[in-house]
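There are 2 protein chains.
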Amino acid sequence: MSPLAENSGPDIIAAVIGLGSMGLGMAQSMKRAGLDVVGYDITPAAVDRFVADGGRGAATPAAAAKDADIVVSVVVNGAQTEAVLFGPQGVANAMKPGAVFISSATMDPAVARDLAQRTEALGLHYLDAPISGGAAKAARGELTIMASGSRQAFDTARPGLDAMAAKVYELGDEAGKGAAFKMINQLLAGVHIAAACEAITFAAKQGLDLDKVYEVITASAGNSWMFENRVPHVLAGDYTPLSSIEIFVKDLGIVQDMARSERYPVPLAAAALQMYLAASGAGMGRDDDSSLARLYAKLSGAELPSSTKEPQSL
Amino acid sequence: MSPLAENSGPDIIAAVIGLGSMGLGMAQSMKRAGLDVVGYDITPAAVDRFVADGGRGAATPAAAAKDADIVVSVVVNGAQTEAVLFGPQGVANAMKPGAVFISSATMDPAVARDLAQRTEALGLHYLDAPISGGAAKAARGELTIMASGSRQAFDTARPGLDAMAAKVYELGDEAGKGAAFKMINQLLAGVHIAAACEAITFAAKQGLDLDKVYEVITASAGNSWMFENRVPHVLAGDYTPLSSIEIFVKDLGIVQDMARSERYPVPLAAAALQMYLAASGAGMGRDDDSSLARLYAKLSGAELPSSTKEPQSL
Chain R
1 MSPLAENSGP
11 DIIAAVIGLG
21 SMGLGMAQSM
31 KRAGLDVVGY
41 DITPAAVDRF
51 VADGGRGAAT
61 PAAAAKDADI
71 VVSVVVNGAQ
81 TEAVLFGPQG
91 VANAMKPGAV
101 FISSATMDPA
111 VARDLAQRTE
121 ALGLHYLDAP
131 ISGGAAKAAR
141 GELTIMASGS
151 RQAFDTARPG
161 LDAMAAKVYE
171 LGDEAGKGAA
181 FKMINQLLAG
191 VHIAAACEAI
201 TFAAKQGLDL
211 DKVYEVITAS
221 AGNSWMFENR
231 VPHVLAGDYT
241 PLSSIEIFVK
251 DLGIVQDMAR
261 SERYPVPLAA
271 AALQMYLAAS
281 GAGMGRDDDS
291 SLARLYAKLS
301 GAELPSSTKE
311 PQSL
Chain B
1 MSPLAENSGP
11 DIIAAVIGLG
21 SMGLGMAQSM
31 KRAGLDVVGY
41 DITPAAVDRF
51 VADGGRGAAT
61 PAAAAKDADI
71 VVSVVVNGAQ
81 TEAVLFGPQG
91 VANAMKPGAV
101 FISSATMDPA
111 VARDLAQRTE
121 ALGLHYLDAP
131 ISGGAAKAAR
141 GELTIMASGS
151 RQAFDTARPG
161 LDAMAAKVYE
171 LGDEAGKGAA
181 FKMINQLLAG
191 VHIAAACEAI
201 TFAAKQGLDL
211 DKVYEVITAS
221 AGNSWMFENR
231 VPHVLAGDYT
241 PLSSIEIFVK
251 DLGIVQDMAR
261 SERYPVPLAA
271 AALQMYLAAS
281 GAGMGRDDDS
291 SLARLYAKLS
301 GAELPSSTKE
311 PQSL
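Protein chains in written order, with full-length UniProt numbering: chain R, 1 to 314; chain B, 1 to 314.
Be careful, since some hints might not be right.
Any copy will do: because identical chains look the same in the list, a pair fits if it lies in one copy or spans two.
To be verified - Dumping the calculated BS3-like pairs for lysine-lysine here, alpha-carbon to alpha-carbon at most 27 Å:
{"#": "1", "residue 1": "K167", "residue 2": "K212"}
{"#": "2", "residue 1": "K137", "residue 2": "K212"}
{"#": "3", "residue 1": "K212", "residue 2": "K250"}
{"#": "4", "residue 1": "K250", "residue 2": "K66"}
{"#": "5", "residue 1": "K96", "residue 2": "K66"}
{"#": "6", "residue 1": "K205", "residue 2": "K250"}
{"#": "7", "residue 1": "K96", "residue 2": "K212"}
{"#": "8", "residue 1": "K167", "residue 2": "K137"}
{"#": "9", "residue 1": "K212", "residue 2": "K298"}
{"#": "10", "residue 1": "K96", "residue 2": "K250"}
{"#": "11", "residue 1": "K96", "residue 2": "K137"}
{"#": "12", "residue 1": "K298", "residue 2": "K137"}
{"#": "13", "residue 1": "K205", "residue 2": "K96"}
No wet-lab data here; the hints were simulated from the structure. Only a predicted model underlies this, so the values are computations on that prediction, with no experimental measurement involved.
The following block holds chain R by itself, in its conformation from the complex (with noise of 0.2 Å):
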């Protein structure tokens, strides 16, 4: 791709409202790929960066989504990205008719499917797109992206889906979906994480070698990916925050608040939120969610690796 093609006018203009790592990755690998990508966020220091990256900046949502055939929200939930589409200065009135809005936030399926009907009403497409992979697969375009919606959101979204994600799951014509098996994943990890901690920290309070825990653990039927993914940082003393504790704060708290209208039991679930809460509760909430297991440890006297970086919060 020519340096002069962003310039040459190209056809599709893309605007992505929320700039933090996430959504810093994916403006600019809808850059790479060609597109004339506008940013916001509502700290103007993350404009500022992506301006100094080559890409455009705008003052507000509005601004950012009135000319864009894709707006791709990166925020936190669904609270925010219904401010996203429908509060101050929100890009619902703002974006042409016949536009997609991409919604990438984790979020209640009933609160998914609310949003969309909103903004189809308004002559727009909505696809529900929850993103699984980190900031370094956000910035490399290899997101994994669980989508559901219109044929019509899927086709005008497909040019920003193409540049973001490795992998798209195409799960049903209706918002909501997406989100669904989102919340499904994310049930899974947050208690693989838990159960994670809770077993290498009873390791070390046996007093096994964790290196050879990890080396046994990784290689049988008791692996998880989050095992396999988190325990490293146990190991290593490294509770610098990749995904934080106050993430599956939210997550499973969404995933109780599902089951708990749907008349589902989730006791897992529910014992490893009331675990994530307490880390928060005793300062952890920033710092990496591998984190559980230092609250396992202060809850038990075990012993884990130290860290040869500075001290954390505890």
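Got chain R sorted already, so can you dock chain B onto it with the hints?
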């Protein structure tokens, strides 16, 4: 190996106590490797099956063990292992000096340490060697063994270990370490099965396409070895026991007892244990452990795929 080798006086004699689906396969694997194998089981028909297959049978544990270099105990728990060693016609007083007792049952590490001490006091060696891998791997001599014990115990056991296992982890020179590693694995495995059943049935409750859920989750961060292995039973509606609910009633019970005694909290394992107990109480104790999904379905009205086979206990 010539078929005559067994009759021409092989150097090493092994006794296997407990010829269930695991013990029979382990006995056959050692026989295939050229050891002279004598089998005993509390059920005479199990001994007959081994004899019909070309093995040697014995009428008591003591009779099986009296000339053996290696005695492999393949029973259910610590109490049965103690009975094999020290009960009426137990092997401990029949074994020759310098022979090794290989204990493969899953048990509390404290029990393993006690049995080892009492066995070693008689001039015998003790290898704490829990197994993992299932009946098919037992039959192929491809188990994973998590072993600890003295150097002499390992050396004497080696021909048997090599015949039975694809991988032997050497986890320390004292009995109890092998048991402790196995319990860490069982904590994780038991929690992950419960989480898998909680999640897949929650997906069913929401009307998601369960085959698609399996596809998405096994490619995502919510995956676990157990989700990947057990959820297909739920998708097929087939709860024929490969590993039963009662196994985790037992193993998470041991985890809970260990944790209580060490003043270590295990909220995830405790929540999972309650679900196994509920499934057992509801009549599914001898069904496959993926029957937890049927329990969640009963509790919530979710509809899971039904089997094309005969109905199980529910």
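Evaluated hints:
Taking identical chains as interchangeable, the C-alpha atoms of K167 and K212 lie at most 27 Å apart only when they sit on different chains, with a minimum of 14 Å there against 34 Å within one chain. Within a single copy, K137 and K212 get their C-alpha atoms only as close as 30 Å, which misses the 27 Å cut-off; across copies the closest is 23 Å, which meets it. Proximity of K212 and K250 under a CA criterion of 27 Å is satisfied inter-copy only: 25 Å between copies versus 33 Å inside one chain copy. Taking the shortest Cα distances, K250 and K66 never come within 27 Å of each other, neither inside one copy (31 Å) nor across copies (62 Å).
Taking the shortest alpha-carbon separations for K96 and K66, only the intra-copy value of 6 Å comes in at or below 27 Å, while the best inter-copy value is 88 Å. In this assembly of identical chains, K205 and K250 lie within 27 Å of each other by CA distance solely across copies; the values are 22 Å between and 29 Å within a copy. In this assembly of identical chains, K96 and K212 lie within 27 Å of each other by CA distance neither inside one copy nor across copies; the values are 58 Å within and 34 Å between. When the C-alpha separation of K167 and K137 is checked against a cutoff of 27 Å, the pair qualifies only within one copy, where the shortest distance is 11 Å, while the shortest distance between copies is 35 Å.
For a Cα distance limit of 27 Å, the shortest separation of K212 from K298 inside one copy, 23 Å, qualifies, whereas the shortest one across copies, 40 Å, does not. Taking CA atoms no more than 27 Å apart as the test, K96 paired with K250 passes in neither setting, with 33 Å inside one copy and 62 Å between copies. Proximity of K96 and K137 under a CA criterion of 27 Å is satisfied in neither setting, with 30 Å inside one chain copy and 62 Å between copies. For a Cα distance limit of 27 Å, the shortest separation of K298 from K137 qualifies neither inside one copy, at 34 Å, nor across copies, at 40 Å.
In this assembly of identical chains, K205 and K96 lie within 27 Å of each other by CA distance neither inside one copy nor across copies; the values are 60 Å within and 37 Å between.
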